[in-house]
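A.B. asks: Going line by line, the protein sequences match chains B and U.
Positions 460 to 722 (this note's numbering) are the ones given, in order, by the first sequence.
Positions 19 to 329 (this note's numbering) are the ones given, in order, by the second sequence.
Misleading hints may appear alongside valid ones.
Unchecked claim - Pairwise CB distance ranges, derived in the manner of DEER restraints:
hint : chain 1 : residue 1 : chain 2 : residue 2 : range
1    : U       : Arg120    : B       : Met678    : 37 to 47 Å
2    : B       : Glu606    : U       : Ala184    : 35 to 45 Å
3    : B       : Leu592    : U       : Val41     : 36 to 46 Å
4    : U       : Leu122    : B       : Ser489    : 35 to 45 Å
5    : U       : Thr178    : B       : Arg531    : 33 to 43 Å
6    : U       : Gly28     : B       : Lys612    : 28 to 38 Å
7    : B       : Arg531    : U       : Ala109    : 28 to 38 Å
8    : U       : Pro121    : B       : Gly474    : 31 to 41 Å
9    : B       : Met678    : U       : Asn124    : 46 to 56 Å
10   : U       : Arg120    : B       : Ala646    : 47 to 57 Å
11   : U       : Thr178    : B       : Pro619    : 46 to 56 Å
I should point out that these hints are in silico values taken from the structure, not numbers from a laboratory.
By construction, the Cβ of each residue, glycine as well, lies at the ideal position given by its N, Cα and C atoms.
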Amino acid sequence: MSATSGPGPLLEVEGISVRFGALLALNGVSLSVPGGEIVAIIGPNGAGKTTLLNCISGFYQPSAGRIVFAGRDRTRLSPPDVAALGIARTFQNVALFRGMSVLDNIMTGRILKMRGSFLLDALWWGPARRQELAHRAFVERIIDFLEIQAIRKTPAGLLPYGLQKRVELARALAAEPQLLLLDEPMAGMNVEEKEDMCRCILDVNGEFGTTIALIEHDMGVVMDICDHVVVLDYGRKIADGTPDQVRKDQAVLDAYLGVAHGG
Amino acid sequence: MGDLLAALLGPFKEIVGSPTFFVEVLLGGIFAGLLYSLVALGFVLIFKASGVFNFAQGVMVLFAALTLVGLMERGAPVVLALVLTMAVMVALAFAIEKLVLRPLVNQEYIILFMATIGLNFFLEGFGEMLWGANVKRLDVGIPDRSFMLKGVQINQLELTAAITAAVLVTVLAVFFQRTRIGRALRAVADDHEAALSIGIPLKTIWVVVWSVSGLVALVAGVMWGAKSGVQFSLSLIALKALPVLILGGFTSVPGAIAGGLIIGVGEKVAEVYWGPLVGGAIENWFAYVLALGFLLIRPQGLFGEKIIERV
Numbered sequence: 460m461s462a463t464s465g466p467g468p469l470l471e472v473e474g475i476s477v478r479f480g481a482l483l484a485l486n487g488v489s490l491s492v493p494g495g496e497i498v499a500i501i502g503p504n505g506a507g508k509t510t511l512l513n514c515i516s517g518f519y520q521p522s523a524g525r526i527v528f529a530g531r532d533r534t535r536l537s538p539p540d541v542a543a544l545g546i547a548r549t550f551q552n553v554a555l556f557r558g559m560s561v562l563d564n565i566m567t568g569r570i571l572k573m574r575g576s577f578l579l580d581a582l583w584w585g586p587a588r589r590q591e592l593a594h595r596a597f598v599e600r601i602i603d604f605l606e607i608q609a610i611r612k613t614p615a616g617l618l619p620y621g622l623q624k625r626v627e628l629a630r631a632l633a634a635e636p637q638l639l640l641l642d643e644p645m646a647g648m649n650v651e652e653k654e655d656m657c658r659c660i661l662d663v664n665g666e667f668g669t670t671i672a673l674i675e676h677d678m679g680v681v682m683d684i685c686d687h688v689v690v691l692d693y694g695r696k697i698a699d700g701t702p703d704q705v706r707k708d709q710a711v712l713d714a715y716l717g718v719a720h721g722g
Numbered sequence: 019m020g021d022l023l024a025a026l027l028g029p030f031k032e033i034v035g036s037p038t039f040f041v042e043v044l045l046g047g048i049f050a051g052l053l054y055s056l057v058a059l060g061f062v063l064i065f066k067a068s069g070v071f072n073f074a075q076g077v078m079v080l081f082a083a084l085t086l087v088g089l090m091e092r093g094a095p096v097v098l099a100l101v102l103t104m105a106v107m108v109a110l111a112f113a114i115e116k117l118v119l120r121p122l123v124n125q126e127y128i129i130l131f132m133a134t135i136g137l138n139f140f141l142e143g144f145g146e147m148l149w150g151a152n153v154k155r156l157d158v159g160i161p162d163r164s165f166m167l168k169g170v171q172i173n174q175l176e177l178t179a180a181i182t183a184a185v186l187v188t189v190l191a192v193f194f195q196r197t198r199i200g201r202a203l204r205a206v207a208d209d210h211e212a213a214l215s216i217g218i219p220l221k222t223i224w225v226v227v228w229s230v231s232g233l234v235a236l237v238a239g240v241m242w243g244a245k246s247g248v249q250f251s252l253s254l255i256a257l258k259a260l261p262v263l264i265l266g267g268f269t270s271v272p273g274a275i276a277g278g279l280i281i282g283v284g285e286k287v288a289e290v291y292w293g294p295l296v297g298g299a300i301e302n303w304f305a306y307v308l309a310l311g312f313l314l315i316r317p318q319g320l321f322g323e324k325i326i327e328r329v
């Protein structure tokens, strides 16, 4: 068995369920994310999209089912272990380190790539210093890539919302993830900010070959940038296919536009 | 009116009249101030990393000093006793993470605060049970003697302690600002979920901060204990650390240092020069009045992070 992502999906979710008390938030959902693709997870409010993302990133433990990443079963892992595997994520409500500068925020994204001893770190000497500089150089590349040079030193908490989202993306990218999970990367943005973010996502996918799974509400955006769309409703998967297939799917139209139930 | 003015201004004349004595008072203040800084630093480290206000910090100072003295009384040489005490403080950090913090994860801050009050009483009792409650002398091998430098009397013990504290504080400040672990600590302080998502294990970070503040407590305990004996009142210097925190800001390492020095020097100078005017004992309340004034003018402290709220 190979640990690298050769042919076959990078991420495979097999029939996972999550229960919160009486509510079945996810009910036997399966999906696969092929390496190098951009996959969208869509669905009405409360469909279980974020719950699914939280399972993949280790914040929730599914009560049933399996999650396979790069050929290995990793259903039950804590968030730091998931991060160590090469899965990075952003949050629906931006979760930045508000008191830290943009640069420091992005540098924290490289924490798993850094090695060093307590003592050398404390003395800021020799290898510790060289390592810090090398990581700084990488972070500068990401800053250039996302065009946020001007706000390097600004405390993250002071930035406008659109930029905060972009800094959060930068922090996730700093970890050089194989799989990037984005929870509503364009929520609350105006048209211009959305266009910028779309370009960023496409660039990341094109330039670094990062596989991306994202949750999004804006159907226009989803149809434009994704290779593959998964639709959830009431914790179940109701459709899975290319944007064109999904757009014409009757179950999807019903879920979004509503049907007369029991009629 | 003229008499009052003369009485208030009189001390300035004394300062100018005898500068060497003033320098001695200043040095005494700096020594006390560094101690306050160290205790405040213990608070700041834990508060930054976990948002917990550790009520037991003062008792940790006492506990560390008691353990050190206890080991030395049983015949351990100074260096060995220091190393063993450090090990005990690290073990204590592991125990606190496992038995107190982990079961209470995601609870309200006030509940965690209450837990540290419990920890306070436990450590106090446990320390006395192990090592006894009587006042003990701590001799770390540095003579409590003075020498003269350009007419100023300098205490050798105080000087050593001050240098140790200054080095420790500098290393910690650099460590927090520039290193991987320091950055992880600040990240955890800002947002637990985000920190987890980029691969920072909370448990490890908690053990690190509690260990470091245990070691800081040990240094403070040794300094103070060598000067005035190891006894229960050692845990009360934690109360002096509160105004230091208000002055310096709860989240700032440089703030803890500056705040400690300002209060240490301020109260010493006020006591020596203005104390006689009001019958003395200014030292006991000066720090709190200063802190109260600060709360009115600059509630986030000198270096504290201003709370940013976007609406």
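A.B. asks: List in ascending order the numbers of the hints, as given earlier, that are violated by the structure.
C.D. replies: 5, 6, 9 and 10
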